[in-house]
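Enquirer: The chain contents come next:
2 protein chains.
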Amino acid sequence: MLDLSTYVAGPSATMTLAQLGADVVRIDPIGGAPDVRRLPLAPDGSSLYWAGLNKGKRSVEVDLRGEAGRDVVRSLLRAGGEGHGILLTNAVGQPWLDYQQLRTHRPDLIMVHIGGQPDGKPAVDYTVNCEVGLPWLTGPADSTAPVNHVLPAWDLLTGLHAALSVLVADRARRHTGEGQFIRINLAEVALATMGHLGFVADVAVNGGGRRRDGNHLYGSYGCDFATADGRRVMVVALTSRHWQSLIELTGRREVVAALAEAMGVDFGREETRYQHREVITALLAPWFAERNHRDVVAALDRGQVLWGDYRTVAELVDAPDGLLARSGLFTQVRQSGAGTFPVPRPVSRAEGWGDDTTLLAPAVGADTDVVLQQWLGHDLDTVRALRASGIVGGR
Amino acid sequence: MLDLSTYVAGPSATMTLAQLGADVVRIDPIGGAPDVRRLPLAPDGSSLYWAGLNKGKRSVEVDLRGEAGRDVVRSLLRAGGEGHGILLTNAVGQPWLDYQQLRTHRPDLIMVHIGGQPDGKPAVDYTVNCEVGLPWLTGPADSTAPVNHVLPAWDLLTGLHAALSVLVADRARRHTGEGQFIRINLAEVALATMGHLGFVADVAVNGGGRRRDGNHLYGSYGCDFATADGRRVMVVALTSRHWQSLIELTGRREVVAALAEAMGVDFGREETRYQHREVITALLAPWFAERNHRDVVAALDRGQVLWGDYRTVAELVDAPDGLLARSGLFTQVRQSGAGTFPVPRPVSRAEGWGDDTTLLAPAVGADTDVVLQQWLGHDLDTVRALRASGIVGGR
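Protein chains in written order, with our numbering: chain A, -7 to 387; chain B, -7 to 387.
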């Protein structure tokens, strides 16, 4: 399939499909797409962000400003049978990428367009996130300003929805022979997700009541605690068993029972634990504050409570007991120029899935020759002539 | 396919597949799964969260504690051809759900298991999120404690990865006739995502340098601003055109040019804008603070800068110019008992996709009779006998 996309959503869609076995060819404008130098950068100036989101793909470098270069793209769309004739893009204001136009070149074309707003206007994760209300629910209860998330969650979710669309449309095409034009936009992914999780219904039915609430878990009991030696843990009592275990291991069984009786409530119910989360946190906090991290963690593990350590990103990568070390998902890879760093295999583990061929990102244009030869049947002289005319770049 | 899952990741996977056309049957224990009363609740006590994540599915209610009920599930796995024989679950410590065991009942079984930790231990979004480092990067630069995200992003991403796995495995089965056992876990989805976005490589190659940074966009220029009338907007200048437009419309062209010359830098480069974001924000803020929201927004629109309004969830749902009103994705639906509220169609828009049959959630057990008749060929007396023995519930 062809990937003519930039930034996070589109590239993450095709990278995920590449890791699941798709043959993904990036169409890069001469010199690379606008995000090719996006931070963070390696010491050689290459983008570690770009390398992460474009691994497992090949890159063909084409001058997209003129018809000759666009003809190369249209030829690549025409090439091949099953699994070909698929284009993913987030381009805006490019009439040559109009679906009905492109379909005249390949009648069974599958095209997925990732947009920003429902009306076609552009948007990015940050300008969508503020619209859905979550920044007013994030951060300490006494914050006075909105708090943005750092993870581009809407981009990533949009990317996976786009990847799903490709598979669904390709499956349909195998039955019907028909292509499809599928449109997804960041804003509606965010909006629909707020619907799926009950935020929208809560406003419509109850007028909405959820308030900003620091690090407390919503709807059950969970909170973060500081230990005596300055570390922090997140502790979650989702089930009744977790809860019993938590008050037992912290020595709070009697006081909680007395409290429940005095208040006439049952902390065995998660709504009740949620409702009285501040009191619970105040009762539990001293136990954590009086103990070193090692002893806290040992007790939580013995009690089989759900908990996690707060780590920095550096600790995530470097700590010998951090998540990266505990997972077998990453392999050290030497990305040409950028250096050597750990790169993840596909997150879905199945026998035979996720070999190590999808861990490297291409240099921009690196596969121009081979793809034009393989897909279009060009000989090397034809490719060289295209390059001499400035229609393609790379090698 | 059969859905034997709880909480967010699994149910969102199968809900997404149901909205894309899959026939999803929930297997619910008698009385419903542990998350059936999760907040937020409707006035009748039913869960708006559960309704959101289980729309478009049917529900069969089975006593899963005994072999007779498990036999019902195994029979349902055996039933049907293409598109059947698929099970998604996040159950832990249930030997009867062992893949090799179940395969003896259906050799081409596709099973997707969603776990918590790489070693099989349980985890939830909150206990994974703290481990990957993002809470130390979220919130104002002078915060001293970690800030959790509110969106269960890892759950949702894990769900979509699980949905992709189902489609990929089903596609392979059509070619080979072979089923697959696929394992995904929350922690590795979070970890791999931190790899895809360059966080991991940045630490490995550069030692990591990213700091907590309030609402600034990472890697380019973007920040939130307060207007004279107490509203807030997020403004992003991702491209050089956005940037030129932003300094033009705020009347900062000359001062920015003088600054660039004095500092010997080029604000046309996004790394430079990112590096000097504090100065830029300080220069721009008074323009926003001196104007009412209406005038700010009109100028931003004229300048075609990327921007978004900070809204509360209530405003998202109720404001006549909010995202929900601007999107045509939602339909008012009457969910039995809970009330009437707007529900989203699939986010991927294509002709013929996403009709209104996938907007309602079932009552627990509501489809027991019809599914046992359709899939197993039982007559109504047989189903009634199973119910009389307590093996199935519902109707």
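Take the hints with a grain of salt, since some may be wrong.
Where chains are identical, the list cannot tell them apart; a pair therefore holds if satisfied intra-copy or between any two copies.
Claimed, not checked - Taking lysine to any residue and the SDA-like style, the derived pairs with C-alpha atoms no more than 25 Å apart in a straight line are:
no., residue 1, residue 2
1, K113, D258
2, K113, H268
3, K113, L352
4, K113, G331
5, K113, T349
6, K113, L372
7, K113, L275
8, K113, V84
9, K113, E270
10, K113, T304
11, K113, Q296
12, K113, S135
13, K113, G72
14, K113, Q365
15, K113, R261
16, K113, G256
17, K113, E307
18, K113, P312
19, K113, P99
20, K113, R203
21, K113, V257
22, K113, T81
Bear in mind the hints are in silico, worked out from the structure with no lab data behind them.
Enquirer: Would you pick out the hints that fail for this structure and give their numbers low to high?
Expert: Result: hints 1, 2, 3, 4, 5, 6, 7, 9, 12, 13, 14, 16, 19, 20, 21 break, sorted rising.
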